[in-house]
Every structure is written in C-alpha cells, then in structure tokens.
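J.: This is what each chain is made of:
There are 2 protein chains.
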Amino acid sequence: MSTLHDFLHKGSFSSLQARLLEMNPVDLARELEQMERGEMLMVFRLMPKDLAAAVFTYLDSSLHQHIVESITAHEIRELIDEMFIDDAVDLLEELPSNMVRAIINNTSPSTRSLINAFLKYPENSAGSLMTVEFVGLYEDMSCKDALELIRHSGVDKETIYTCYVTDKSRHLTGAVSLRRILLSDNDCLISEIMHSSVISVHTSEDQEEVAKKFQLYDLLAMPVVDKEGRIVGIITIDDIVDVIEAENTEDMEIMAALHPSENEYMKTGVWELSRNRIVWLTILMISATFTGMIISHYGEMLQQVVVLAAFIPMLMDTAGNCGSQAATLIIRGMAVGEIHLKDWLKIVWKELRVGCLVGLALAALNFARLQIFADNNLMIDLCVTITLFMTVLLAKTIGCILPIIAKSCKLDPALMASPLITTIVDALSLLIYFAVAQTLL
Amino acid sequence: MSTLHDFLHKGSFSSLQARLLEMNPVDLARELEQMERGEMLMVFRLMPKDLAAAVFTYLDSSLHQHIVESITAHEIRELIDEMFIDDAVDLLEELPSNMVRAIINNTSPSTRSLINAFLKYPENSAGSLMTVEFVGLYEDMSCKDALELIRHSGVDKETIYTCYVTDKSRHLTGAVSLRRILLSDNDCLISEIMHSSVISVHTSEDQEEVAKKFQLYDLLAMPVVDKEGRIVGIITIDDIVDVIEAENTEDMEIMAALHPSENEYMKTGVWELSRNRIVWLTILMISATFTGMIISHYGEMLQQVVVLAAFIPMLMDTAGNCGSQAATLIIRGMAVGEIHLKDWLKIVWKELRVGCLVGLALAALNFARLQIFADNNLMIDLCVTITLFMTVLLAKTIGCILPIIAKSCKLDPALMASPLITTIVDALSLLIYFAVAQTLL
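Here the protein sequences come in this chain order: V and P.
At position 194 of the first sequence (counting the first as 1) the number is 194 in this note's numbering, and the numbers step up by one without a gap.
At position 190 of the second sequence (counting the first as 1) the number is 190 in this note's numbering, and the numbers step up by one without a gap.
No lab work stands behind these hints, which were simulated from the structure alone.
Since this is a predicted model, take the numbers as computed values, not measurements.
The reader is advised that the hints may include incorrect statements.
You can't tell identical chains apart in this list, so a pair holds if it fits in one copy or across any two.
Derived EDC-like pairs: lysine to aspartate or glutamate, alpha-carbon spacing no greater than 16 Å straight-line [to be verified]:
1) K346 - E264
2) K212 - D27
3) K212 - D238
4) K212 - D343
5) K49 - E82
6) K212 - D242
7) K267 - E338
8) K407 - E262
9) K120 - E264
10) K120 - E82
11) K267 - D343
12) K168 - D238
13) K120 - E338
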C-alpha cells in the first residue's frame, strides 16, 4: 500500500513503525512483496524481531533468498532464533545448500542442534511437520505451579492451549487443556485433571495419516512421540490445514494423469510442467493404439457400413464419463475415510444397479433420438442402443472396481481415475460395439 | 469393543462408568455404533451429561433419530442444552420436522431463541457455521478482571483461547489471545494489549470464502459480525477443516461431471446416485453426437482410406487427456488462490509453450512408432503426426482458457473440467484430422 511507501519517503519512521505494529503479518508480507526490493529491505529492518520473524515466514520463497543474502550474519541469527523451529526448517529446506551452511553456522548452538535433528526426518513425515515449542508439565505439579510455568515459559511456545504431561523420563502420560487448568482449583494436581488417553503419532508416520487423525478427533494439536513413547514435539492444526490442501491437490493431479508436483503453477517452468505431463500422456497414447487395433480388425465391416464409425465418439465418450463418475466417487470416498475396502461387494452391487438405471435411461433417450432425427437402418439404431446400455453398465462396474483393487494392492486409488479408466472402457466399448454389430448386421 | 459389552452383562456399572470417562468421545461413538441398539441406549444413559452430549455429536445420523425417539423429553432438553449451539442446529437440520418441533418445545427458552435465530441463516453461510459460545471482553477491563471472567464463564464456551473485545454497544473493536492475557501484568488494560485489526466475516459470507480467510491468516477462530459490525458469534477451525474437505469433494465431483451431493456414498440410494449422474451424461452424450456428425461428413473419405478410422481413438484420447491436465492445474490453482484472473495472458503463453514441447515429443514418438511397427502410406503417418501435434497444442490452450473464462463469468471453474473439455477437443481434433487428411491424401 502507498502508506508504508509514503512514510518511508517522508522519513517518518516512528509513524511507519506504529503502522507496522497495527498490521497483520500476513497482509504485511503481501505488501512487502509488492514493494521495490531496497524499500522492502528497509521496512523489514524497521520491524521488531518477533514481527520480522512472523512476516518472514509468510513471504514468498524468492524473497527469502534475497533477504538472507542481504542481511548480516547477526541479523540472520536473530531471525532464525525468533522463528518457530518448524518454520526455520521449512526455510532451510528451500534455500541452496551453501546458504543453509552459512545460516546453521550463524544460529545459536541449541537452535542448531534442533534444526539438524529436524532435517533428518523424512519429508512428509510427522517428524518433519512438528515443532518442539510446546508446554510440558509433570504429573505431580499443582495447577498453580503449572500456571506459573506456563506464564514464564509461554512466550516462546507455539501453542500453550494444550499442555502435555510426562513422567520423569519424558514418557507421554497425559494431556490437559489450559482451559481445564484455569478452571480447576489451584491445589488440584495435574494428574487428577489430565486425560490419560492421549491421541499421539509416531515421528515416522505419514502426514496424510496424521491429517486423518486430526479430522477424526477434531484436534487443535497432537503430540509426536519417538519409539520409546517419549514426547519429542507437537503438530498444530494450522500446518494440518496446509497438509489437507496439498494432499487434495496431489489427488486431483494424479486423477488428471499428471505427475504430482508441490510447486505452484505460476512459479513452475515450462520444462518441468511438460515433464510432469508427458509420462502419463505417452502411456495413455500407446494404450489407445490398442483401441485403434480393434477398429483396424473390423476395418472390412466398417468399410461396408461406414455409418457405424459416426457413433464411435459418442460411445467412447459416454463410456469414459460413466467410468470416471464412478471412479471419482469411490476414490474420494476412500480418501475421506467414508468408504472402506470391506464394503467392496456392496459397492459393486450398488454400481451395477446404478449402471442399469443410467444405462436404460441413456439407451432409451438415444434410441428415441435416432428414430426421430436419423434415418438409419433400424438394425444400426438397435446396435448402437444395445452397445450403449452394455457399455454404461460395464464402465460403472470397472470404474468402481479398479480403485478398490488399487487400494487393496496398497497403490494410490487416485491412479485409477478418469484417464486410465477411459482408455480401458474405450477399448471394451468398441469390442462390444463391433461384436453386437457383427451379430445384428 | 467387548469390554463395554462385558461390563454391561456383568452388571458392573461403576467399572463401566469409569471406563467411559477414560475413553475419547470419538472412539466411544464408534463403539456405540457397533453395539446392539438396546445396549447402546443403556450405555448412552450411563454417561454423564457433558460426555453424552459430546458423544452424541459424533454418532451417525441414523442413530440420532433413534436416540431422540427413545429418550424422555427431559433427557432431550438436558442433551440439547449441553451441546454447543452449532452442533444442536446441525442435529435439528437433519431430523424430520415433527421431531424438531418436539425438541424445540423441550429446550430452555434461551436455547430455543438461539436455535431459532440460527436456523434462519442460509445454508453454507458464515452464520450457519458459527457458534455463540465465545468469550467477550470490554476494552476497559484489566487483565485480572478478564481472567476472572474467563474462569467463571469459560466452562460453557467453545473456545476461550481467543477473546473478542467490544465497546459498550457490542461493536467488535479488537481481539486478544488468552496467552497474551496470561503473560501480561494483572493491571494491564485489555485495550492496551489487544490487536485492533481483527479479521472478521459477515454472517452472510459464503463458507468457502470463510475457509480461505482462515487459511490465509492461519487462524484458530474468527469472529462473525452483523451489518452494524456487532459481534454475533465465532467460527472455529475444526468446523473449517470440514468445510475445506466438503468443498474439495464438491470440486472433484463437478470435475467428474457429477451433480455434487453432500451425502456419503454408502448412505446414498441408487435412485439419487443415478439422478446425480444422468444430467451431465445426457448433455455430454448429445454433444458427442456432433463429433459423430464430423465423421459422417467425411464418410466417403473414410470409406476409401478406412485405416484413418483406426487412429481416431488415439487422437481423441490424447486430446482429452492434454486438455484435462491443463484444466485441472488451472482449476486447482484458482481454488487454492495461487492463480488469479489477471494472470490469464501469462497462463496462455505458458500453456502454448508447454503444448509445443509436449506436442513435439508425442508427435515424434508417434511418428517413429508408426514408421517402425506399421506399414502404412507415409502420407497417412504424416497426417496422424501433424494432427497429433496440432491437437495437443489446441487442447492445452483450450484447457487453460475455459476455466479462466468461467471464472470471469462468475461461474465455477470446475464446471470446465475434463468431461466438457474432452467433448470439445474431441470434435476439434477430428476436424483438424480430416482437414489435414484431405490436404495430404
């Protein structure tokens, strides 16, 4: 906005600083991104340390590199020390390795060892999502002591609203909300008010599973434990919202025959975009030649009754659409946990009935249309209509079965979405079409 | 689990009650769903009121009706009064209207008027998502007074971690986290520590917009205000996570040519499933007959060079896949806010380049394959290869432009996904194919 720019040019730094303190870090980051780089750096340096760290995490990654290159080693240290460990680790993962070394050498020893530990967790695991800034209490503390501890240590903690309780050797034994502590008597022991059945995850658990647990139990934060059951960190819901969106994007990309990518479209180069598309396109193009072979095989019949060719697109498209409708419902149902493998028989039975209904309706409509608007041989109209019905039924069944098979083979069901199913049911629909035509004509 | 069942049959109710208190309400709800209905009801009645209300909200909706029918009017009143208002309203929206009347007549007058007010907000608006259980503070309170107020009123509040500050006529003027209050001096005034730039939404705002704001600003809760800027409720992030998943499901369904439905697949009847599919299938089936007309138009040529027909499936499938790849990336990018309308020229330019690269690669591969494995006339191979390149280029361009056009006409870009684009590019690819064939052969 012009205001920051104006303050800067008038040299009224105190009004600028007051304005900065009023603004939300997210909006501030967006305004900085619009500014000229030199100005941006000046405004960035005018912010208090904690605000600078907050704004920094919301800045675009291209600016991260610019800022890290432009500020002093001492400023980098302050910035990293002020950031939450998970944000700092995210930053380091996106910077070039020489810069990472420079930063790690400049942070305080305690932060450095934490960052190093975090960088070891595999990508997309619970360990890579977590932060170590949580409040740990002991079972034998009183509520008053607990509140004192929170007051004194809370400033640095990412969330103080759920506190985790451990025994003396840091094994997780319970959890208690700040709300519960506040509403209890001062002398009450933490062990008396804590919940002992805490939902937790292991450091190596996949982030998709973690997100499912968050949704199932409506949690705001969840503790992460190591193999021995000792608490090593927590995951907070704001990071989980991002995981959910990323997993949904991945599913949609796979369902559209794209190699999934974590990069934003606008920031991805033409080469990478092309690479992500070409593998599946090649596989599907080659598979489609089998469909072509079926046509070649029946070339003689097609030459005699060339009008048959005119119905190929309609049959192929309808088959593909029917298959992808069924597949999408099943894939999505499994992704959000509404559909389970054990239901497979019920699903197939349901799709068979839906296929019958939809197939009958489409076939009847199509037959009427052909009778009214086209003046083909009745046998040809019948042949198209029968094929349409059988194709819809088959497409619905295959569309629901393939994702189930993929899931039971521990493959991602999204792989079985529209493009692959379209290719398969295209071939089958043409086989049926020519077989029916050969019988009737 | 058998334990609850065992306790019940041994008549050891106190051990059963102790076990109930230990368990997580979500797990408890899932176990109740597995039990025989009479037993389920007995266990349900053994729970303390607050636990019963929590478990009830997690139960399957078919059990809601059963329980409401089986318990006394007094028990219903206790249950509803104990539930958060937003959960109670959700319950009422799913029950038959005679039951809703019975329940509303049985609740306390204050709950009743609240429920009635909530039932008036349009579905999927911020108003329908919000709850009235929040902590409201005044600007001139001290931190000590604020903490006292939270301690005394907090039990019934859905979240006390962000408190909202109003002036005397309930206009929202700021927000302050419980953390901030706890960490400040007792005598500090709320107006000194509150943030005055609060992100809020209006009651009539669409839930998708609300979810975007939550994600943009990493919020845990957000206040909802009326036209005069007075705070009427808050929305909490656990409800937003559900909104995000529902909106993603809706997008995927629309992208697969399904009429979006909020009901779970396993609980939706065959009639409804068929109805949700048939409208789009009919539209697409009829559109595909235009593609058939193109083939009919070139029937004579096809009769002479029948081998041309064998390449139709490959050309159509590749065109459809290319178009849907581009469309999916653009639709998703717009949904998560990474792609904006103003970027349209950049997007088209990017897709043109990607289309060139991908088209060249596929065309070259295809030409080589035809030269090696098939012994057609060279002109036919050339004709297929040229068409393939032009089709890919065209499909990528159309695939990215249509969602942009939809968005700028305030339509849902997801409408422009694979099935519709497939139908359009199918027709275009055949037009190109036959035009090229006529020129070369």
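J.: Each hint: holds or not?
T.: Going through the hints against the structure:
In the homo-oligomer, the alpha carbons of K346 and E264 lie at most 16 Å apart only across protomers (14 Å), although the nearest pairing inside one protomer, at 39 Å, exceeds that limit. Taking CA atoms no more than 16 Å apart as the test, K212 paired with D27 passes between copies only; the shortest distance there is 14 Å, against 30 Å inside one copy. Both within a single protomer and between protomers do K212 and D238 lie at most 16 Å apart by alpha-carbon distance, with minima of 14 Å and 13 Å respectively. Within a single copy, K212 and D343 get their C-alpha atoms no closer than 20 Å, and across copies no closer than 35 Å, so neither meets the 16 Å cut-off.
Proximity of K49 to E82 under the C-alpha cut-off of 16 Å is restricted to the intra-copy arrangement: shortest distance 7 Å within a copy versus 44 Å between copies. In this assembly of identical chains, K212 and D242 lie within 16 Å of each other by CA distance both inside one copy and across copies; the values are 13 Å within and 11 Å between. Taking the shortest Cα distances, K267 and E338 sit within 16 Å of each other only across copies (10 Å), while inside one copy they are farther apart (35 Å). For a Cα distance limit of 16 Å, the shortest separation of K407 from E262 qualifies neither inside one copy, at 23 Å, nor across copies, at 24 Å.
Proximity of K120 and E264 under a CA criterion of 16 Å is satisfied in neither setting, with 25 Å inside one chain copy and 40 Å between copies. For the homomeric pair K120 and E82, neither the shortest alpha-carbon distance inside one copy (22 Å) nor that between copies (46 Å) is at most 16 Å. With identical chains, the CA atoms of K267 and D343 are at most 16 Å apart between copies only, with a shortest distance of 12 Å across copies and 42 Å within one. In this assembly of identical chains, K168 and D238 lie within 16 Å of each other by CA distance neither inside one copy nor across copies; the values are 30 Å within and 33 Å between.
For the identical chains of this complex, K120 and E338 are neighbours neither inside a copy (34 Å) nor across copies (30 Å), given an alpha-carbon limit of 16 Å.
Checked against the numbered hints above, the structure violates hints 4, 8, 9, 10, 12, 13; every other hint is satisfied.
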